[in-house]
Amino acid sequence: MTDPGKKNIALVTDFGHKDVFVGILKGVISSISPGASVIDLSHEVAPQDILHGSFFLSVSAVYFPRGTIFCVVVDPGVGSDRRAVLVKTKDYYFVGPDNGVLWQTAAENGIEQIIHLTQPRYFLETVSATFHGRDIFAPVAAHLSLGLEIEKFGDPATSLTPFEFPGPVKQDNCLILTVLHIDTYGNIILNITQDEFDCFMVSDFCLSVNHTCITPFFETYAAAEENTPFVMVSSSGYMEIAVKNKNAAQILGVERLDQITLSQP
Amino acid sequence: MTDPGKKNIALVTDFGHKDVFVGILKGVISSISPGASVIDLSHEVAPQDILHGSFFLSVSAVYFPRGTIFCVVVDPGVGSDRRAVLVKTKDYYFVGPDNGVLWQTAAENGIEQIIHLTQPRYFLETVSATFHGRDIFAPVAAHLSLGLEIEKFGDPATSLTPFEFPGPVKQDNCLILTVLHIDTYGNIILNITQDEFDCFMVSDFCLSVNHTCITPFFETYAAAEENTPFVMVSSSGYMEIAVKNKNAAQILGVERLDQITLSQP
Amino acid sequence: MTDPGKKNIALVTDFGHKDVFVGILKGVISSISPGASVIDLSHEVAPQDILHGSFFLSVSAVYFPRGTIFCVVVDPGVGSDRRAVLVKTKDYYFVGPDNGVLWQTAAENGIEQIIHLTQPRYFLETVSATFHGRDIFAPVAAHLSLGLEIEKFGDPATSLTPFEFPGPVKQDNCLILTVLHIDTYGNIILNITQDEFDCFMVSDFCLSVNHTCITPFFETYAAAEENTPFVMVSSSGYMEIAVKNKNAAQILGVERLDQITLSQP
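Protein chains in written order, with numbering that gives the first Met the number 0: chain C, 0 to 264; chain G, 0 to 264; chain Y, 0 to 264.
Keep in mind that a hint or two might mislead.
A pair counts as met if it fits within one copy or between any two copies, since identical chains are not told apart.
Claimed, not checked - Calculated pairs, EDC-like style, for lysine to aspartate or glutamate (alpha carbon to alpha carbon, straight line, at most 16 angstroms):
#1 K89 <-> E107
#2 K17 <-> D257
#3 K169 <-> E107
#4 K87 <-> E148
#5 K17 <-> E254
#6 K243 <-> D48
#7 K245 <-> D48
If you are wondering where the hints come from, they were derived from the structure by calculation, not from laboratory data.
Computed from a prediction, not measured in an experiment: that's the story for all the values here.
The shape of chain C in the complex, shown without the other chains (with noise of 0.2 angstroms):
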């Protein structure tokens, strides 16, 4: 019995929507694997950033259909000496450069098999120095969805090079936290699951913010206060800071990557 999930390969890429390469990549799949179904995860990881990339991957990978090929390209050392793999976990396949973008959502699925895709013949005639998205990984997923075996790829790898979220950090009695994404409407979601959350916290908290404290949760947008900063758990599974119909990350003037301590008051 084929897996029907097999065909299906989901693009996630720093390219943006701005330029041709999506489509290119589209292109060379449609040519190799005409009947795969191919799925735009997101294109819109920041630039060359791999634990943006580890991050969008990670809260989506579990909606996809089981046997989905994941076509990772976020990609800062193309045309160095950095390997390109195939990883096959306990539900999924990952193609992409082994930078660590894989590592974090491969390791929590289950990682079986690790191939270092040396073998040319899956890739396209020339390959270039700068766009192994289009000359190898979008191949190499192709003729994957084909249903070729992953040993055909080429030699196994015993280890992917691994890259984990930063985590929160305890600082006396605070935890230190880290702006993981801003989401479409503003949101700002912070490195720290709900269960740590709870974990940590005994009593009311304070979440300070460029010199404002934070010490509302509400369990939806609806529930909320209008033009009030407040706490939630986001549809991630991580906590956010939100503000209700309003961009919180703006008013807060906070960005990606910033620091937010979370105390008690």
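Since the structure of chain C is already known, use the hints to place chains G and Y on it.
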């Protein structure tokens, strides 16, 4: 005979393109209904703006095949007690929050059945308080595309929350118009159709915009004069203000929802 | 034997992502040809810019499968007497306005047949004066994807409006170059290929950009020095100016269509 269009799911959201939200919807749909064909109608509805979402839907739906399922996620009240609904009209299906965003288009097409989405077996296993697009609307649209009867999704409802576009307002000898949309080229779309415009105007007209009186009318951009704002019939059927090969909204300093006065000079 | 690639319709437009125009094209195509596979090559051609559209098409087409139908909507003259055409080349089909945007790519691939689109039975029933992408080009591309012979779409034409990229211009001992494109990372793409560059330069070079003389050449981003503008071969085959992991166009204050002087120091 199956309805071939029924496999089409058209997405209308305010998610933008900067985040993983759209990709997650597609992952969810693909997990439930691998054969569904997902079309991005637009993800650039102004955040939480029911009027804007309603406008996008109403000028576009007619171009989609019979049986298309419109999955609409413009949902400022997510997590409140606003209902989630499935609406069957003469030609289409609509899935989304019952906050008015579906009303105009569904009513124009002819509402046949309304179902209150109360059957959690067609939702994701865990339903968050903040992302019903992922947890309820996309899964319901996907199950519907598999051919499920709409009665299975919940209880029949008798009415849909109405929400009508603001129309032109008569004031003495003038009409006060509202800007419904600034299009991608900067053309200014007004809330008056060609028929209404023709009915009101007996001879010359003046559209007063920030102390400028716009009087020329042209049928095409190509026919217009350079650098001169003019009025034409937009491709949506509404009247628009344009400047040939330029961004009229920027030149005239006009924003969405601004009011503009139509008078006879 | 049918040509499997013939079902592919690749869209190239200047519609951007902020509007419903792209979604409407897809609705129209899906209504006529439900089995067609639509690929977004790019919707971010600079508004009404034939040179930019021509550039995007020419650097991308070769990555698409044989038989792909390119539906190109960069159409400042919509509603004027410019012709609407269908062009068959050695490997592809092109549908769009005959304003030059198709010329470069069609000519490079080898023009075999040109049809003037005069058969309204393959248009939408009502053809507007302002949106031929929706009313003419998408419907024709969709009917073509169903396998219709191209002669059915109108009268044979003998020529296509030519439009060639501006090439490097010799001036004394220098070459005056033009910026064809700023890519998504801020790399500056010049109108000179690697071959042309190598022919002109006998030894060292200086690319003069706003009083900076750029002299280093590197083969990859990874090999370059931090914070130092350098020259490399872009993945499109044209030469580019880049700054490692930074936005070269912003750093150097360069915009599309700027002129840059290549000389020997």
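So which hints don't hold here, by number, going up?
2, 3
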